[in-house]
Amino acid sequence: MMTNIKQSKFKAFIAAALLVGSMSSCNDWLDVSPKSQIKEEDHFKTENGYKDQLTGVYTAMTDQKMYGLQMGIGLTEVLSHSYDVDVNGKWRYPSEFNYTEAGTRVQIDSIWSSTYKCIANLNVMLRNLDKADSTIFSTNSYHVYKGEALGLRGFLHLEMMRLYAASPAMDANANGVPYITQYSPEIVPQKSVSATMQLIVDDLLEARRQLSSDSIRTSATPYLFRSSRISRFNYYAAVASLARAYLWMGDKANALKYANEIIAVPENTVLSNRPFRWVDVTAVEAAQDYQTDHAFTPEFLFQLKINTWKDIANFYFKAIGGTSSLSPSEIKAREIYEVDSKAYGNDYRFLKGYQIDGEKKYLCKLWFYDNSSYNNLYPMIRMTEAFYIAAECLKDSDPQRAIALLNEVRKARNLGSYPLSTNLNSSDIQTEIWKEYRK
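Heads up: the sequence shown begins at 409 in our numbering, then just goes up one per residue.
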């Protein structure tokens with residue numbers, strides 16, 4: 409779960425700085441003068457220009473300043489206390505919530521500036537889409553490109569809100585993060601948390617509409633399109649992001665609506681043709697280590713392909729990382745996965761997720777294995793999140809359904825013989841949801 413770092417006290421000067429950074433970032437892709445770069449108007453003369461612009465954003469998102477480390481397995485997870493970090497290592501100060509320490513400050517600032525650089529490049533693309541000649545696009549691609557760009561813009565702003573702003577429940581009238589919709593040198597004034605969240609929802613709703621004909625949803629064989637669409641911000645990514653946004657806003661009715669849309673897909677389609685589905689636990693159990701799907705990739709709704717993953721994962725999640733290593737202690741892992749109580753060590757996330765390297769166990773589910781089919785794939789959104797969101801929305805009004813949803817996840821983790829009690833109250837259910845997020 410993402411931990412809020414608004415306490416780092418970003419002030420107005422950062423809003424100005426981000427615009428400077430956004431401008432320079434965009435010029436990394438395009439420029440109006442250097443001969444070595446492409447003029448904006450030429451870049452977007454063909455459909456390939458729009459495709460390349462999106463590819464540039466996805467690639468930037470895999471950088472270590474973003475989901476290649478800090479926004480993925482690094483800083484945000486350290487802040488959530490998912491690991492036991494070495495007090496002599498680089499993660500000590502963020503684990504102590506010391507946001508003013510120089511190294512931590514660099515990490516925090518890099519997340520902010522890198523994310524807004526991606527948003528700036530999305531805005532350049534959207535500006536050109538709005539005036540594009542429709543004849544340059546192949547069937548439906550205009551809507552797909554626009555849906556992806558709007559969806560990513562909403563998604564990334566939501567990430568910034570959850571990291572740097574007060575939650576709506578905490579203070580809906582506090583300042584949100586700047587919501588940037590134009591590529592411009594003008595400083596964008598901050599709106600309230602409530603108003604900013606509405607802008608996020610508006611972008612995501614329009615993204616969902618534009619992506620309504622996404623091949624991963626409309627094809628007679630959607631699973632065949634999974635490999636090409638799951639690495640892009642697809643229709644189901646927009647739906648799941650809406651569920652996430654509405655829950656954060658406290659709008660449980662809409663959060664449940666969109667969570668249920670995700671939940672219904674595996675229930676209502678033929679197993680072999682589902683665009684996403686539960687991992688085959690039998691295959692997980694039988695596979696050799698290098699071919700084990702440790703991350704349960706069939707359950708991904710949106711993923712990034714991080715080509716530098718071998719250098720990242722095999723450093724931070726192995727003994728070679730030394731004081732920079734990231735892994736829960738065996739004591740913490742046994743507590744998270746309830747090895748000695750409710751699960752009794754049967755949870756595949758524990759059984760297949762930890763291995764000895766050197767003198768201790770590490771999160772092997774994040775390792776890069778030579779010859780594996782599952783390398784470099786990082787989950788941005790999983791289908792299980794829809795189950796957790798729906799359970800949270802129903803814990804008071806329909807606790808039995810909430811418990812059933814959590815038990816469905818447990819069944820897919822080899823815990824079908826250890827279901828949650830049907831007598832759990834609302835508080836108990838919320839505790840179980842938090843436990844699932846930690847896993």
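Everything labelled a hint here was simulated from the structure, so no lab data went into it. Misleading hints may appear alongside valid ones.
[As the list claims (entries may be wrong)] Straight-line alpha carbon distances no greater than 20 Å define the calculated SDA-like cross-link-like pairs of lysine to any residue that follow: (1) K447 with D517; (2) K459 with M578; (3) K819 with S805; (4) K769 with S781; (5) K773 with S805; (6) K819 with E738; (7) K750 with K665; (8) K843 with T830; (9) K750 with Q808; (10) K713 with L462; (11) K599 with T589; (12) K539 with L462; (13) K768 with T508; (14) K665 with N831; (15) K740 with A468; (16) K713 with A468.
[Said to hold, decoys possible] Beta-carbon label-pair distances, calculated as ranges: (17) K665 with V596: 27 to 35 Å; (18) Y845 with Q590: 33 to 41 Å; (19) A582 with S546: 41 to 49 Å; (20) D836 with K599: 35 to 43 Å; (21) V596 with A695: 33 to 41 Å; (22) N779 with D748: 44 to 52 Å; (23) G766 with N833: 53 to 61 Å; (24) V495 with N833: 26 to 34 Å; (25) Q590 with Q696: 50 to 58 Å; (26) R513 with S542: 27 to 35 Å; (27) Y782 with Y845: 16 to 24 Å; (28) I728 with Q808: 43 to 51 Å.
This one's a predicted model, so the numbers in the text were calculated from it and none came from an experiment. Virtual Cβ for every residue (Gly too), placed ideally from N, Cα, C.
Taking the hints in turn, this is what the structure says about them:
Between K447 and D517, the direct Cα distance comes to roughly 29 Å. Violation of the 20 Å bound is thereby established for this hinted pair. Taken as a hint, the K459 and M578 pair is broken in the structure, with Cα atoms around 40 Å apart against an allowance of 20 Å. Simply put, K819 and S805 have alpha-carbon atoms about 23 Å apart, too far for the 20 Å limit, and the pair is violated. Taking the CA atoms of K769 and S781, the gap is near 23 Å; set against the 20 Å cutoff, the hint is violated.
This hinted pair does not check out: K773 and S805 have alpha carbons roughly 36 Å apart, beyond 20 Å. This hinted pair does not check out: K819 and E738 have alpha carbons roughly 24 Å apart, beyond 20 Å. Only pairs whose Cα atoms come within 20 Å are accepted, and K750 paired with K665 is rejected, the gap being roughly 31 Å. Distance restraint check for K843 and T830: the Cα-Cα separation of roughly 17 Å lies within the 20 Å cut-off, and the hinted pair is therefore satisfied.
For the proposed pair K750 and Q808, the alpha carbon gap of about 19 Å is at most 20 Å, so the pair holds. Using a Cα cut-off of 20 Å, the hinted pair K713 and L462 holds, with the two alpha carbons roughly 14 Å apart. With a C-alpha separation of about 13 Å, the suggested pairing of K599 with T589 holds against the 20 Å cut-off. Taking the CA atoms of K539 and L462, the gap is near 17 Å; set against the 20 Å cutoff, the hint holds.
Restraint check for K768 and T508: the C-alpha separation of about 32 Å exceeds 20 Å, so the hint is violated. Under the criterion of a C-alpha separation no larger than 20 Å, the hint pairing K665 with N831 is inconsistent with the structure, at around 25 Å. Annotation: proposed proximity of K740 to A468 is violated, straight-line Cα distance about 33 Å (limit 20 Å). Restraint check: the Cα-Cα separation between K713 and A468 comes to about 11 Å, which is no more than 20 Å; the hinted pair holds.
Under the hint 27 to 35 Å, the C-beta atoms of K665 and V596, about 30 Å apart, fit the expected range. A beta carbon spacing of about 35 Å between Y845 and Q590 agrees with the range 33 to 41 Å that was offered as a hint. Between A582 and S546 the C-beta distance comes to about 45 Å, which sits within the given range of 41 to 49 Å. A beta carbon spacing of about 37 Å between D836 and K599 agrees with the range 35 to 43 Å that was offered as a hint.
Checked against the hint of 33 to 41 Å, the C-beta distance between V596 and A695 comes to roughly 49 Å, which is inconsistent with it. At roughly 35 Å, the beta-carbon separation of N779 and D748 lies outside the given 44 to 52 Å, and the hint is violated. Hint check: G766 to N833, Cβ distance near 44 Å, so the stated range 53 to 61 Å is violated. Checking the proposed 26 to 34 Å range against V495 and N833 shows it is violated: the Cβ atoms sit about 39 Å from each other.
The given range of 50 to 58 Å is respected by Q590 and Q696, whose C-beta atoms sit roughly 52 Å from each other. At about 46 Å, the CB distance of R513 to S542 disagrees with the hint of 27 to 35 Å. The hint said 16 to 24 Å for the Cβ distance between Y782 and Y845, and at roughly 22 Å that hint holds. Look at I728 against Q808: about 48 Å separates their beta carbons, and that is inside 43 to 51 Å.
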